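Please work from the sequences and hints to get the whole structure.
Spelled out, the chains give:
Protein chains: 2
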Amino acid sequence: MRRSAIPLPYLGDGRGPTAAQAARAEMRAGRFTGITRGMALGYVQCAMVTLPQRYAYDFLLFCQRNSRACPVLEVVDAGETEAKRSAPGSDLRTDIPMYSIYRDGERVEDVPDIRHLWRDDFVSFLIGSGITFDQALERAGVPTTRNRWVLNTSTPTDPTGVFKGGLVVTMRWLTPEQAVTAVQVTSRFPFNHGAPIHVGDPAVLGCDLARPLIGPPVDRVPADLTALFWACSVTPQAVAIAAKVDLMITQAPACGFITDLEADKICTP
Amino acid sequence: MRRSAIPLPYLGDGRGPTAAQAARAEMRAGRFTGITRGMALGYVQCAMVTLPQRYAYDFLLFCQRNSRACPVLEVVDAGETEAKRSAPGSDLRTDIPMYSIYRDGERVEDVPDIRHLWRDDFVSFLIGSGITFDQALERAGVPTTRNRWVLNTSTPTDPTGVFKGGLVVTMRWLTPEQAVTAVQVTSRFPFNHGAPIHVGDPAVLGCDLARPLIGPPVDRVPADLTALFWACSVTPQAVAIAAKVDLMITQAPACGFITDLEADKICTP
Numbered sequence: 015m016r017r018s019a020i021p022l023p024y025l026g027d028g029r030g031p032t033a034a035q036a037a038r039a040e041m042r043a044g045r046f047t048g049i050t051r052g053m054a055l056g057y058v059q060c061a062m063v064t065l066p067q068r069y070a071y072d073f074l075l076f077c078q079r080n081s082r083a084c085p086v087l088e089v090v091d092a093g094e095t096e097a098k099r100s101a102p103g104s105d106l107r108t109d110i111p112m113y114s115i116y117r118d119g120e121r122v123e124d125v126p127d128i129r130h131l132w133r134d135d136f137v138s139f140l141i142g143s144g145i146t147f148d149q150a151l152e153r154a155g156v157p158t159t160r161n162r163w164v165l166n167t168s169t170p171t172d173p174t175g176v177f178k179g180g181l182v183v184t185m186r187w188l189t190p191e192q193a194v195t196a197v198q199v200t201s202r203f204p205f206n207h208g209a210p211i212h213v214g215d216p217a218v219l220g221c222d223l224a225r226p227l228i229g230p231p232v233d234r235v236p237a238d239l240t241a242l243f244w245a246c247s248v249t250p251q252a253v254a255i256a257a258k259v260d261l262m263i264t265q266a267p268a269c270g271f272i273t274d275l276e277a278d279k280i281c282t283p
Numbered sequence: 015m016r017r018s019a020i021p022l023p024y025l026g027d028g029r030g031p032t033a034a035q036a037a038r039a040e041m042r043a044g045r046f047t048g049i050t051r052g053m054a055l056g057y058v059q060c061a062m063v064t065l066p067q068r069y070a071y072d073f074l075l076f077c078q079r080n081s082r083a084c085p086v087l088e089v090v091d092a093g094e095t096e097a098k099r100s101a102p103g104s105d106l107r108t109d110i111p112m113y114s115i116y117r118d119g120e121r122v123e124d125v126p127d128i129r130h131l132w133r134d135d136f137v138s139f140l141i142g143s144g145i146t147f148d149q150a151l152e153r154a155g156v157p158t159t160r161n162r163w164v165l166n167t168s169t170p171t172d173p174t175g176v177f178k179g180g181l182v183v184t185m186r187w188l189t190p191e192q193a194v195t196a197v198q199v200t201s202r203f204p205f206n207h208g209a210p211i212h213v214g215d216p217a218v219l220g221c222d223l224a225r226p227l228i229g230p231p232v233d234r235v236p237a238d239l240t241a242l243f244w245a246c247s248v249t250p251q252a253v254a255i256a257a258k259v260d261l262m263i264t265q266a267p268a269c270g271f272i273t274d275l276e277a278d279k280i281c282t283p
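Residue numbers (this note's numbering), protein chains in the order written: chain G, 15 to 283; chain A, 15 to 283.
No wet-lab data here; the hints were simulated from the structure.
Since the model is a prediction, treat every value here as computed from it, not as a measurement.
Treat the hints with care, as some may be off.
Copies of the same chain look alike in the list, so a pair counts if it works inside one copy or between any two.
Using 20 Å as the maximum straight-line C-alpha spacing, the simulated SDA-like pairs for lysine to any residue come out as follows [stated by the list, open to error]:
id, residue 1, residue 2
1, Lys279, Arg99
2, Lys258, Pro231
3, Lys258, Arg153
4, Lys178, Pro190
5, Lys279, Val199
6, Lys279, Thr195
7, Lys279, Ile211
8, Lys98, Asp134
9, Lys279, Gly175
10, Lys98, Asp72
11, Lys279, Gly179
12, Lys98, Arg79
13, Lys279, Val213
14, Lys178, Asp135
15, Lys178, Thr240
16, Lys98, Arg82
17, Lys279, Ala217
18, Lys258, Val218
19, Lys98, Thr174
20, Lys98, Pro170
21, Lys279, Thr240
22, Lys279, Ser201
23, Lys98, Pro173
24, Lys279, His212
25, Lys279, Arg82
26, Lys279, Arg202
27, Lys279, Gln198
28, Lys178, Ala43
29, Lys178, Asp124
30, Lys258, Gln198
Below, the structure is given as C-alpha cells:
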C-alpha cells in the first residue's frame, strides 16, 4: 500500500494562525487566486452559493431534499459577510481565491474580490465539498489526483421551487481494493457527500462522458478499474444557474472556501 | 453478550403491506393510539413539527444550525398532507397515533386525528428520532428499554429568528463495554442524531436531572455505569413551544411517525 506524503493538518498552537486562517489571509490580501485543492489539508472545504434572499427558502429546501449532493454546513444571513460558525473572522467577499459571477444564468466574469458587488439582501450557503475527504483517502492509500472527473448526469434531483435539474457527480476510477477502502473512508464523512451513490456502469446514472465539467472526455471504464460515483457540490450551483437567478455568485471551479472545521472530527458545525 | 429477541424488519414481499405501512393503517383507522417504541422495527421513526408557513424558513434554518438535534428528513409543503418522499401514501393528519396541539406555546389537547384542525398554510417537518437506532443497539447487545431519560439542559442551541432555547438530550446509562458499542452503532446513523454529543458528567451539559421530561428523577450516575448523551429530537419542539407559535401540532410524546425508510440503509431520503 502506497503511503501518502500529505501531512497532517496544522491545527495551530494558539500563538499564530492555523493553516486554514493563513490560507484565507493570503486570499484576502489578493496574493492567492488559484485552486484550493491540496491547501490547508485536514480542513473542510466548501462550495459557496450566494443568492438574493427571496430565493433563500426554496434553495435551502432544495439542499435538504438533495442533501447527498448539497450538504449545507452554514447559512450566512442577509446583511452578514462572516461565516461565524465555520470560519470565525472570515469575510465571504474576499476569502475565496476566485469568484464566478452569474447574471440570469450566464457566467459573466470571474473576479478575486466581490466587495463591489455585495448586496445587503444576499444570503450565502456554504456546502461541503468532496475535496474535504481527499486527505483521508490519500492517508488510506487511495490516490486523488488522477482518474477523476466531474460529470453531468440525467439523474434528476428532487425539485423545489425554481430549482431543478440533473445531479452532478464526481467519478473516480480505482482498483477494486482501493474502491472498497474508498467506500469505507468516505462513509465517515456523511456531511461531505458521504459514501458513493453508485459503483460500476456510468450509464446507470446517465453520465455525460463526452463532455465532462472537469477532466478529459471519457470513452469507457478500463476493465481492471472500478468506477465510483459521489454526489457532487457542483449540483446546487448547476440548478441555480439553470434557474436563471438574476444575480448569483459562487466560488470559481476548484476554488473552495476553506473553513476552520476539522475534517476528521466528522462533526456538523 | 445477550442476544436480542427483536426480529428483523418485515420489508414486505410486494404482495401485502410492510410493517410500516400496516402500522400507519392501524393508526389511520383509529385502532392504535399508543406509543410507537418497538413498532415496525427497522423503519426510521420521526418526530413531526407542523407550523404555519410564515415560520417555515426560520424553523428550517434552525434545524440546519442544530442538525445533531434536528435532522430534517422531509419537509411537507403547504397544501400537502402526504410525506411522499419518506412514506408514500401516508397522511400526516391521521397516521400518527396521537397528536399534541399547542396554542401560543400551551399544550391545549391531545387528539388522535387532526383533519379538523388542518390548514392549507401548514408546513410539516419530519425530524429523525433516536428511537430509530434502538433495534441496531439491541442487535449489538445494548439494552434500550431501561436506564434512559429525556432531559432539558442549559446548553444553548444556535438561535434563528424566534427559535431559541436549551438543547434537549437523551441520556442512557450503560456498562463501559456497552458504551463503546453504542458509540460505534449510533455513529452509523448520522441522520438520526448519530454519535453521542457527550459521555460522562451530566453537569457538563447542565442537565436537569431533577425534572426529566421522560423518566424518573435522577440523583447521580452509578459508579459502575457510564452516562451517554445524544442530541434529542424533542429539541425542535421545545424551541417551537418556547417561541409561542400561535398554532403548532406535534406528535404526542413517544408517538412517532413511522416512515418507509429502512434504518439500516443509513440513507438520507
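- Identify every previously stated hint that the structure contradicts and give their numbers, smallest first. Of the numbered hints given earlier, those the structure breaks are 2, 3, 4, 9, 11, 14, 15, 17, 18, 21, 28, 29, 30, listed in rising order.
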